[in-house]
Structures are given as structure tokens and as C-alpha cells.
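Mapping the sequence shown onto our numbering, position 303 (from 1) lands on 1254, and the numbers just tick up by one.
It is possible that part of the hints are untrue.
Said to hold, decoys possible - No more than 25 Å apart at the CA atoms, straight line, and that leaves these computed lysine-lysine pairs for DSS-like:
#1 Lys964 to Lys1101
#2 Lys1004 to Lys1101
#3 Lys964 to Lys1004
#4 Lys996 to Lys1283
#5 Lys996 to Lys1122
#6 Lys1282 to Lys964
#7 Lys1004 to Lys1175
No lab work stands behind these hints: they were computed from the structure.
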Amino acid sequence: MISAIMGGLYALKDYVAYHVLTCLVPAFLLAGAITVFLSREAILKYLGSASRKATSFPLAAVSSMGLAVCSCTVIPIAAGLYRRGSSIGPAFIILWTAPASSLLALVYTGAVLGMGMALARMVAALSTAVIVGLVMTTVFRREEAERVTKLAKPSLSGLSSGTRTTIIELKGLTLILLLIATLLIPNYLGVGRPYFPDKVVLFLIPMAVTSIYAWRALDDTSIKDWLHETLWFVRLIFPLMLVGVFAVGIVRALLPEQWVYAWLGGNNLFSTFLATLLGAVTYFATLTEAPFVHALMSLGMGRAPALGLLLAGPGLSMPNMIAIARAFGVKKAAVYVLTTIAIATTTAYIIGNTIWR
């Protein structure tokens, strides 16, 4: 029991030391900026319930592929869009696609596991994203209809009063782009580099530029509103995220490696499901899933289970599930998690027994 608790504490220490500063801080700031500065009318038009799925779903999937973020970092971003007016389908597509199939992750997967695995991961992840979007939209259609009615009412901020005609003002757009750069630069340029000082410096430079810009360009009210929304997301998501990381550390400490290796061989449905489930409850930092899968494949892991782990590993985690339940509600989290595990397992099994047969 002591070793399990120590495993949880070590996982918590590593998470706080290596992910909070360069990943979660800019992600929460970005979520707050989206909520304050991005026009609700624009989100409703392109990602809202009234928008065509043929437009909103691909837009959500393609745009999120540029984000090299983990399953926890993406939550405040997706929650910010949803809070601002995005439909549940596109919001959960972003929640899945950004960690499961980012361009950087695909390139790195190709380098470590081969281009065939990278292409399979992309096809499987995007297919899963579309199905997830359809399922979430269908299951929660009544709730979404009520939410659309509320969003359509004039807001206190004046966004619906006719005083704001642009999608986003230049100052707000510049801030959001700077925050996106602050989030992406350490994860793209810091690949293969030590966290300290390299990745920290790669974070601090754009963060300093962003802070100076906000101080010089924004008025006090805008900064106050931005930080208020940011803290709202922090209070909502971060505490339970830490609980989830601690729980993952305990699971890792109690799970015998020999048992994992023995049950993940071959391309049968059960081993694929088991690998997907293992990935779903385990936390993987950005780009760590490919070397982990490579190590398991060298010990006899089948390709179908490997693909299932590649999908669910970065796309889901226990901290991710807990935080989603907090941000979106337990029912939405349950439907999302069960759907992604089922579709990821099925997709990985089909590809593993057709293309790689």
C-alpha cells in the first residue's frame, strides 16, 4: 500500500513539475481569452447547433490537429469554446482530436513506429472523432436545444445588442494568437530537449511577450475579465485533474508489467480492447505514447492493440475523465468515454486484421 501511495505522489510530482507551467498555464489563459474576446455569434455560426455538421465537424477536427496538447491540456480549450456557444459535437471532436491526432504526434509516430502506423492512427482518430461528434449531438439533442435557446437571448456583455459586428477585435485576436504560440512553441520546438532549461525558456519568452502585449494593449476591465474567466476554469478543472494524476500513479504501481505483456499479444479483439482500456486510464504526456508503444511492441504486443493504445493513450486518461465530468457533467463524460473506447477498439481491431493481416 505504501508503494502504491508513493507511486501516486511521484506521478503527482512529475505532473506538476513538467506539465503545469508549459502546458496548463497557457491552456487556461487561452480558454479565458476565448471566453472573453471571441464573438459568441462567430462560434454559434461556425460551430454552433445551427451550423451544418458537414462544416462544423471538419472545421473542429482539422483546426484541432494543429494543437500539440495532452488529454488534460485540451479540456479548458474545449470547455471555453463550449461555454462561449460551440455545439457539443465540435467541442468533443476538439477534445478528442487534439491529443489523439495532432500533426506533431503523427509525424513523431511515423518516425518511431513507421509511416503505416502513423497513417492508421490518423484515419482511426478522425473516424472516431466524427462518430463521437454524431453520438454526442444525438444523445444530448434535447439538452442542446434548450441551451441554444438560452444562448440566443441577449447577453449582458452586449454581444447581441448590435454594438459588435466583427468576429473578434484585433486586440483580442492578437492575444489569442500569442497564447496559442505560447502553448505550441515549447511542445514543438522543445521536442527531444530537456525540460529545464530548454522547454522552460521556450515557454517564458513567448509568455513574456504575451504579458507585455496584454499590459500595453488591453484596458483594465478586459484584463480583469480575462483573468476572472481563466481562474474560473482553473477552479473548475485543475483540482480534480490532480486527483486523477495521483490515481494513475497508484494504478501504475500496482499493475504488474508481466501481466500487461502477457495479455497484449496478437490482434484479437480482447487484447485490442484491453490495450485501449489501458491507454484510456493511463496518463500520457504529449508525444510519450509512441516510444511506450514501441517498447511494448518489441516485447510482443500486436499491431491492433498497439493502435488502440496509440488512440486512447493520448486521447483519454483518468485525470481527463474526471476533469471532463467536472467541466461538462458526469453524463456527457460517461457517454464520451464509453463511445471513444468502443470506437477506438473497433477501429484498431478492423485495421489490425485487414491492412496488417
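Hints, one by one, checked against the model:
1. As the CA atoms of Lys964 and Lys1101 are separated by approximately 42 Å, the hinted pair breaks the 25 Å bound.
2. Between the alpha carbons of Lys1004 and Lys1101 the distance comes to roughly 21 Å, so the proposed pair stays at or under 25 Å and holds.
3. The hinted pair formed by Lys964 and Lys1004 fails the criterion: a straight-line CA distance of about 42 Å is larger than 25 Å.
4. For the hint pairing Lys996 with Lys1283, the CA-to-CA distance comes to about 23 Å; that is within 25 Å, so the pair holds.
5. Taking the CA atoms of Lys996 and Lys1122, the gap is near 21 Å; set against the 25 Å cutoff, the hint holds.
6. For a cut-off of 25 Å, the pair hint linking Lys1282 to Lys964 is broken: about 30 Å separates their Cα positions.
7. A C-alpha spacing of about 35 Å is found between Lys1004 and Lys1175, which places the hinted pair above 25 Å, so the restraint is violated.
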